[in-house]
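Given chain A, work out where chain B should sit, using these hints.
In order, the protein sequence lines correspond to chains A and B. When the count follows the numbering used here, it moves up by one through the first sequence with no breaks and lands on 372 for the last residue. When the count follows the numbering used here, it moves up by one through the second sequence with no breaks and lands on 372 for the last residue.
Please keep in mind that the hints were generated in silico from the structure rather than gathered at the bench. Predicted, not measured: the structure shown is a model, and the values here were computed from it. Incorrect hints may have been included.
[As the list claims (entries may be wrong)] Here are the simulated lysine-lysine pairs, DSS-like style, with alpha carbons at most 30 Å apart:
#, chain 1, residue 1, chain 2, residue 2
1, B, K316, A, K291
2, B, K81, B, K291
3, B, K33, A, K(-3)
4, A, K235, A, K188
5, B, K235, B, K81
6, B, K364, A, K291
[Unchecked claim] Away from chain A, derived, C-beta distances all over 10 Å, residues of chain B:
#, residue
7, R15
8, D18
9, D46
10, F47
11, N70
12, K74
13, E164
14, G311
15, E361
16, K368
C-beta atoms are modelled at their ideal positions from N, C-alpha and C, and glycine is treated no differently.
There are 2 protein chains.
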Amino acid sequence: MNYFSSQFKLGILGGGQLGKMLLNDTRKFDIHTCVLDPSNEAPCKIACNEFVQGDLMDFDTVYQFGKNVDVLTIEIENVNVNALEKLEKEGIKVYPTSKTLRTIQNKAKQKLFYVDNNLPTAPFSRFAYKDEILTAIEHQTLEFPFVWKSAQFGYDGKGVKVVKSHSDLEELPNVECITETLIPFKNELSVIVARNADGKVKIYPVVEMEFHPEANQVEYVICPARISKEVALKAELIALKASAAFKHVGLLAVEMFQTEDDDILINEVAPRPHNSGHHTIEASYTSQFEQHIRAVLNLPLGKTDSKVGGIMVNLVGAEDYTGNVVYKNIESIMAMDGVTPHIYGKKQTRPFRKMGHVTIVHENINEARRIAEEVKKKIKVISE
Amino acid sequence: MNYFSSQFKLGILGGGQLGKMLLNDTRKFDIHTCVLDPSNEAPCKIACNEFVQGDLMDFDTVYQFGKNVDVLTIEIENVNVNALEKLEKEGIKVYPTSKTLRTIQNKAKQKLFYVDNNLPTAPFSRFAYKDEILTAIEHQTLEFPFVWKSAQFGYDGKGVKVVKSHSDLEELPNVECITETLIPFKNELSVIVARNADGKVKIYPVVEMEFHPEANQVEYVICPARISKEVALKAELIALKASAAFKHVGLLAVEMFQTEDDDILINEVAPRPHNSGHHTIEASYTSQFEQHIRAVLNLPLGKTDSKVGGIMVNLVGAEDYTGNVVYKNIESIMAMDGVTPHIYGKKQTRPFRKMGHVTIVHENINEARRIAEEVKKKIKVISE
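Chain A extracted, bound-state conformation (with noise of 0.2 Å):
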């Protein structure tokens, strides 16, 4: 198939942040895109060919949508499902493919999925509501503390907990969900695989991630994690594990513990550019947005080395303001060497929202650090 020509269409479910910079390499590659976003106001709504208002979870929109692409991919999960799978044996390529998703949609079905594949990850057990949990402390088969996760529509922190006592248990939604026990790590890292539909496969640098404690959001994203080789290399033979488990095209973006005893458990895959890959735009040979265009159209895959070292710096919402957003201190921000300021054009700020975020570049990972933390200290993301 011709991908460089009008007749070729690529579709993209969502048209938030992670869209918008997918758009900036299906432009430079002159592919023809079509967006699907329930905002009229998705920052996607430029630089896509042609913008759907319509809603992700819906089957008829979805399916109708799909029916006009030649390759539909996601730039978030929480899309209907059975109409990806209606479209994939309508001949429509979709990936990842809705088997996929509905695994990962589902983090009891997730977590199950590494145990059927012998891929480490903490120990859990699986609850239909929360008076189940509750039974299984008072029969001492769970104890405090441990991780609560809400099965479906987690994201971004939301729908994740660490139960200490029963008065944390009472706050909790009565929903299907996990626990996990909780295991003291070291480091949060991240590998992200790039599979094309040929079988094709190419591995980032692993990446270390340091979260907001309260937020429970990244702050920084630091590629080359600074750890052994030897972990490094555990880290990428679990992530390409996982990579042909899932038979996945498009990028996987694997979050993993390094434990106090150095081994490596998986947290969470997401099928799809990912946070911890936004420095790769600055840093690395292939972006990750040009890299999962280039895995879901079967193209070449482009290398993954880093040019330089990068450190990600989240711009979230400051926790005192909600309104109209102003960047405070943005312009001294830029006058460092190295740093590249990404707005990702949400109009209203709220605390803690991802507005945006910043990159870091330096030859010395150690150097960026410290901008980094300059950067931070310096830049507010605040309200009129």
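Here is chain B on its own, set in the frame of chain A:
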């Protein structure tokens, strides 16, 4: 002024491939853009916030467009300068200024500017009509061979001719023109200077250009140029001097000849992102497009060092093909490490039409040059 709000509007005159690449960076910073272009199929039509179809040489069209924005810039020099002058008087920030554009639009004025400012350039004569050239030859004040250039609207090699005999003269149009002494040179070099309204200046490393002998279009741009440190410094100094003389704001690409005696002579300048800076997207800490936006918005300028060596190969229409474009072997060049095609999105090809470019990056510039030759041999811009 808060550029990062929807109250601010950046206007761009011209909606071609340079504008398209500028828009990637306005999108990255979420800066509101308005584009004016005569073609309803302009590459910029998507990705800008507001698109206006109209004649760039028409006073009213440019004036009305300019009244609607806060800062106005260009991606092509041939625009109505009188309209820009009126806009400047009414407080719109226009970069490059009408004065700079008036000087650059006319090659005779441009040459006189170099002479007035002690900037080295090849000796020349100015003629109002072709007949005056014949008279000069008769009176032996002009000798074959010489370079003929039309004073107005020269672009991409059109309007430039080496004249060796009376028969070469016959083909030339009867327009205002200059003739230049034909000076044997070793290299064509280019330096891009960025200057913001505060007068802060940064320069990119000197690049070396190889031209296609027939089409008189750049075939390879090589960064860094493979020249001695002394020659590089001389070229950088002259570029800085030119930038200061114009007091320009934005980018100024200064094209120069390195003579056989290692003298540097200015060939011509372009007050905008330039073909000799396309490799900066992949090779530099700050792309020329981001830098142009930083400069015209009077933001701090970004670091101009290279992360890796970069080569740019123009993708021009093959000689014998006209019609719906096909990029033959694009997939095989994408399989090479560090190779990125940029497709401008023009649907029709014709001989020597600029259809895109390919960037090749590598830590070792000689290795990049080797890969660039392979790319050049493989990819062909043909028609269906």
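Comparing the hints with the structure gives:
Proximity of K316 (chain B) to K291 (chain A) is assessed by CA-CA distance (about 22 Å); at most 30 Å being required, the pair is judged to hold. Taking the CA atoms of K81 (chain B) and K291 (chain B), the gap is near 25 Å; set against the 30 Å cutoff, the hint holds. Taking the CA atoms of K33 (chain B) and K(-3) (chain A), the gap is near 18 Å; set against the 30 Å cutoff, the hint holds. Straight-line distance between C-alpha atoms of K235 (chain A) and K188 (chain A) comes to about 11 Å, which keeps the hinted pair within the 30 Å bound.
A C-alpha spacing of about 14 Å is found between K235 (chain B) and K81 (chain B), which places the hinted pair at or below 30 Å, so the restraint holds. With a C-alpha separation of about 20 Å, the suggested pairing of K364 (chain B) with K291 (chain A) holds against the 30 Å cut-off. Listed as outside the interface, R15 (chain B) is inconsistent with that label: its C-beta sits roughly 6 Å from the nearest C-beta of chain A, within the 10 Å cut-off. Not every CB of chain A is more than 10 Å from the CB of D18 (chain B) (nearest about 4 Å), against its label as outside the interface.
Every beta carbon of chain A lies more than 10 Å from that of D46 (chain B), the smallest distance being close to 26 Å; the non-interface claim holds. Distance to chain A confirms F47 (chain B) as a non-interface residue, since its nearest Cβ pair spans about 29 Å, more than 10 Å. With a cut of 10 Å on Cβ distances, N70 (chain B) stays outside the contact zone with chain A, its closest approach being about 32 Å. Remark: the non-interface label on K74 (chain B) is consistent with the geometry, its nearest Cβ contact in chain A lying 30 Å away (cut-off 10 Å).
Consistency note on E164 (chain B): stated as away from chain A, and its beta-carbon is indeed over 10 Å from all of that chain's, at 38 Å minimum. At roughly 12 Å from the closest C-beta of chain A, the C-beta of G311 (chain B) stays outside 10 Å, upholding its exclusion from the interface. Look at E361 (chain B): its CB is around 19 Å from the nearest CB on chain A, clear of 10 Å, so calling it non-interface holds up. For K368 (chain B), the non-interface assignment is confirmed: its Cβ lies about 13 Å from the closest Cβ of chain A, beyond the 10 Å cut-off.
Hints 7 and 8 from the list above are not met by this structure, while the remaining hints are.
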